[in-house]
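Residue numbers (UniProt numbering): 1 to 472.
Think of the hints as simulated: they come from the structure by calculation, not from any bench. Virtual Cβ for every residue (Gly too), placed ideally from N, Cα, C. Hints may contain errors.
Said to hold, decoys possible - Here are the in silico distance ranges between beta carbons for each label pair:
no., residue 1, residue 2, range
1, A101, H327, 48 to 54 Å
2, S383, Q307, 23 to 29 Å
3, T187, Q307, 52 to 58 Å
4, V148, D384, 45 to 51 Å
5, E432, R235, 38 to 44 Å
6, Y181, S52, 55 to 61 Å
7, Q307, G117, 29 to 35 Å
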Amino acid sequence: MISTATTTTSQARRMASRVRGRHARAAAAARGGSSSHVCRVSSLDENQVHYSKRSPKDRIVITGLGVASCFGQDTGVFYDSLLAGKSGVRLLDEFDTDNLAVKFAAPCSDDVFSTEGYIDRKNARRQDKVIKLCITTGKKSLEDAGLVDEELEKLDKARCGCLVGSGIGGMTFFEKNVHTYYNRGPTKVSPFFIPYIIPNMPSAMLAMDIGFMGPNYSVSTACATANYCYHLAARHIRNGDADLMLVGGTEAPVNPIALAGFHACRALSTSNDDPEGASRPWDVNRNGFVMGEGCGTLVMESLEHAQKRGAKIIAEYLGGAVTCDAHHMTEPREDGFGVRSCMELAMADAGIEREEVNYINAHATSTPLGDVAEVAAIKKVFSDTSHLKMNATKSMTGHALGAAGGLEAIACIKAIETGMLHPTINLKDCEEAIDIDTCGNGKVELEVTGAMSNSFGFGGHNSVCIFGPYKE
């Protein structure tokens, strides 16, 4: 009989040992080495291979970026806005908010997002926004990777895949058709109702548009979704299933029913009198997250494939991991075991020393429990945090749920590319327990050696990805 009691600290430690052992044995077997060595994060053992020494088939590089957010759909403008400490949060005028307790968000609205040139007008009129964000952003990341026209057609499309996840799927289309059903009857419900609401459709329709016939599916692990996708895409490439993957997260939840639902579970800030200051990670007066939306996609490919086609290499995906808290639908574990082990396993997967990670893009949603729990776990992983810089992208973009990791991966990669970290805004009175540099006083210059991106979701889903500068 399986006990439903909360896992104890001692049980958690035994679980951690078993998890690390399994990962170590699997990694050692793949390398042809001994399985007797336990994965150590504090120092690399003789069987761990530093990412820079892996074969070109096993190294995963980033060659294209695509973004859609409250700041628009240009990656340069996106990161410049973050560096400037600009808030994308505002009072909503897209729909009537009179009956809503929360009247603000960080939408990717029509004044900053356009499908023109990427989706034909008929489909742009009828598709749910979550699909339009995915297709447009995915195509822009291919453009950034130099994969347009003849170069795109040169690819072996059977070895190119799409893996774009969504935490919720086509929520606006769902809401619209529920109203149609009750107000006009079942015969008026759109024939596209089911296809447009299921979370796999953005990734599927992107593949149909560009002709990628390799691995294609969607992950839905709430706010951890995009990082799950990066982790799995890297595995597909390293396992030889694909040479190139178009990967990320997409979400369009800024609508009345989503705002009402998240408010009902007491997740959202209600600071209607100060929308721009409402998202304040680590501040003692934080009172919930701010809804955001958008899409972030990366072109990930093996170093071997990128070199063969003469691609511009922006950065490198070093490694990642996923774990589960197995604890509560919405609250983090008090002992932080799931988050802590996820960070440790990600560094082990990357084959790097913890000292090589000097920047953390934190999950930091501006919730009372989550912000402190994450930092407590970070401090257990990095016993010495003096070399770390940490910031919170969500202080400006709000929380884009399944797309959050997509936006934040781009923030990490732009930090590597520019040598500048964006600030954490609205941090006026920092929690006493937060003694890591949070970039609360403005942008920070830093040569990033390893960027850790954390994403954790409802259901206890934890995901961590590590990016670094490409080194030949």
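Verification of the hints:
Separated by about 28 Å at the C-beta atoms, A101 and H327 break the suggested range of 48 to 54 Å. Remark: the range hint 23 to 29 Å for S383 to Q307 is contradicted by a beta-carbon distance near 38 Å. The supplied range of 52 to 58 Å is met by T187 and Q307, whose beta-carbon atoms lie about 56 Å from each other. Distance hint check: the CB atoms of V148 and D384 are about 46 Å apart, consistent with the given range 45 to 51 Å.
Our hint of 38 to 44 Å for E432 and R235 holds, since their Cβ atoms are close to 40 Å apart. For Y181 paired with S52, a C-beta distance near 56 Å keeps the hint of 55 to 61 Å intact. For the pair Q307 and G117, the supplied restraint of 29 to 35 Å holds, since their beta-carbon distance comes to about 30 Å.
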